[in-house]
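Novice: Residue-level listing of the chains:
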Amino acid sequence: MADISRRKLLGGTALTPFAAAAGSLSGAGSKATGRSEATPSELARRRIQRLHLPNVPLITHEGKQVMFYDDLVKGKVVTLNFFFAKCDEICPRVTANLAKVQKLLGADLGTKLFMYSFTLKPEEDDVRAIKSFREMFGARPGWTFLTGKAENLELIRKGIGFKYPDPAIDGDKTQHIGNVRYGNEPLMLWAACPGMAHAEYLAESLSWMLRPETNRIQSS
Amino acid sequence: MYFNVFGEKVSRARYREMVDAAKNRRELIAAGLTSRRDLCKMGLLTAGGMLVAKRGLSARAYGQVQTNNPASSGSNNSPGTNQNCVPGNQTQSPVITPFLDPLVVMPMAQPVSSLTPTPTENPNTGAGEVRAAPFQAPLIDPVRFPVVPSTLYNFNQRQFTVNQTSDPALPPQTIWGFDDGTGTRSPGPTYHAFYGRPQLTRNINSLPPVTQLNNTGFGMPSVTTHLHNAHNPSESDGNPCDFYTSGHFCDQYYPNVLAGFNSDHAPHGDINESLSTLWYHDHRVDFTSQNTYKGLVGFYCLFNQLDTGNEGTGFHLPGFPQFDIPLAFADRVYDPESGQMVFDLFNLDGILGDTFLVNGKIQPFFQVQPRRYRFRLLDTGPSRFYEFFLTDLNNLSATNPYWLIGTDGNLLPSPIQIQSVRVGPAERVDVIIDFSKFAGKTIYLENRLNQINGQGPVAVDSQVAAQNSSSTECSSVLNSNQPAILPAGTGNRLLQFQVSSGRVSDGSVDPATNPTFYQLPNTKAEPRIVRTFKFDRLNGQWSINGQFMDCNQFRFAVQQNSVEQWLLTNLTGDWTHPVHIHLEEHQILSRNRAAPTVPADTGRKDVTQLHPNERVQLFFRFRDWMGKYPIHCHNVVHEDHAMMALWHVVAQGDHVLVP
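If you read the protein sequences in the order shown, they are chains A and B. Under our numbering, the first residue of the first sequence carries the number 1, and numbering increases by one thereafter. Under our numbering, the first residue of the second sequence carries the number 1001, and numbering increases by one thereafter.
Be a bit skeptical, because a hint or two may be false.
Short derived list, chain B residues pointing at chain A, Cβ under 10 Å [to be verified]:
1) A1133
2) T1174
3) Q1541
4) M1549
Some chain A residues judged to face chain B by a derived CB distance under 7 Å, without partners named [unchecked claim]:
5) I90
6) I177
7) G178
8) W190
9) P212
If you are wondering where the hints come from, they were derived from the structure by calculation, not from laboratory data. Note that this is a predicted model, so its numbers are computed, not measured. Glycine included, every Cβ here is placed at the ideal spot set by N, Cα and C.
Construct all of the structure, not just a fragment, from the sequences and the given hints.
Specialist: Quick look at the structure:
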């Protein structure tokens, strides 16, 4: 097996630019002011928000109303995935896998990194249902389960690209996308891992978002 | 006899069931979507029943569907990427006037006389080097492969700003490229390499650190540079899992030695394994699509005593670099608001652009003499397939044949006359075009392949054995309205050739005289093992044999200096996967049990197009080097979503049949 033999970690200082970045946007609802005033980076970040990270209201497993972009994603390192409580194939496997990942994240979870799981079936999954599903997997603080209006959840699902080109398959929730989107919103670093990838590797991939100055080599 | 995609024999009844099931499914989908009303709604048919103009049918990386998004005060765009089989009402890049700019021929990479600090056999971690292992070549033969070879390059990867067109509709673009000391460019400078002349490149990451927040919306400035197609030792291969950030470097040793030099054809290797058109590109795991889209690509042309680059010697192929021109193709999308190149970060399927670049310029022109040229065509991706035709707009009914001389850059046994050739992401073809018959005319290199989303071409009719005549779901949705090949003049005109008039001398070989190049290495050797690789999608997760990329896991062990056969199977009825294997080339023994028929399938390959419902049988000799390499889909969006597996070459191979 391989090991990570050299790493340069930024540690706590890695988070400093995030705050500056979040401050440079005057809120997600701000008006795009065109080429002259915003830097290409700012325009790009707004564009990503506008196309992919809709600022729609959702309800957490604690019954609290939150806005997707403003409250959950903006300025943060996050994971995003979908589930539904009565799914008996892929969702329990992915959720159980994420439960392993949250252990590996240690103190970063809830402080530097936030995990979000969204229901695909808000009509079945009310606050109580997602709360008990969440408890079944022993989710720690920092891993939030969310429900809300179906159309808002669909906007998020399509926004983060969890959809099929074939509408017949896209409508079949048993085949829903099992990936976990991961990203560092202010730095505009976004990628995805299969939710069923090995938990250790998933956790390592997430660490690149927390510490993007990581060097990595794998011995042969 | 009937077979399933695993190549297993099945009864006629079972085969009929399989075909019916596929057909039923297609019909079901078709029934829901192919009504005239639906087609109109999707913008495919006009009220008069005519297909909409070509531009409306071209694929886009971004769609535009109204959403209810309170955060956005401007236009409400949904991501819309490949939403359906049919592109909707999509955002378009600014319209750029084509053929304003001359083709850029990348200059030859300039070597340096020394490197500071001097390269070391073991990784010089103290100086900031990030390399997995000592150089292998000097350990095999320190005289032929000195740790510090006489040919050295110092490459910096940098962010820079460039005009991709002189049309003012598009502002200058801030992208990434390679600097050999003469300035940063993308594609990077072209290596002019020779067998028998080992070389070393110091690849330095001088991109802006990620935390300085000057990311223009995509790209991960931690890198690893792969030399694609090279018979290279693993520590210098550019493994996706060995990446390093700004301020670090990796010394990569390119021995430029023929396969077999340290095994079955010692000491010089097998001349029939000669390579010619290689390319280098970033391979950072999970971020390759973004980083190559942002510009981290370049050519590496490798010559020897036969393929000399001089048309007066050897095979007498058109002379490098004046008449032997590498062409890197790319499709991109630009934000209509900012004019900046954009990348769909949230796409799982594959990304198509609506604006075409050749060697970093949008639809350039090239002034050529009325004589033969060798072109090395490279599809840099991310996801588009091309089928290249020569088009004379004043004579659209004419077929304009040219010559295929190499596949993935490896010369065929002899030239094959073709009217077109299909090339997928990361594939190369070497062709010879004789412009003497077009003297005084303007003609075009045109992509006429119809592709509407990241799944692959709409139909694979010309390439798949008759048994699997089923086309993709999308093409059945679109039915006969979607030809696989667009009519001449209606595709994407990529490059304009302005042919001068008169006559010029031409010392290059006429392909019509049937010159011979290399012979194909024999494929009769008994394989030590036959492995099967199933390319599939499990709940949207790209997989190989039901597993996913893991940088910490070798999935199987190849025995050094052994023969293997690999069966690549594709059960996803909708997707074409261009599958790339590092270290060794392969030959295609069969597609669905039938010998390959398409000319581009008959040579040596390092990428094989794996079409829907196909089983492809590949032959390999793994020789000389040890260590780790990947197999992966080179639709880089699939690759970045875990359709990749690591394996390694060791002294004693394993017996894992389905890794």
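Novice: Starting from the hint list further up, note which numbers the structure goes against and sort them upward.
Specialist: Of the numbered hints, all hold.
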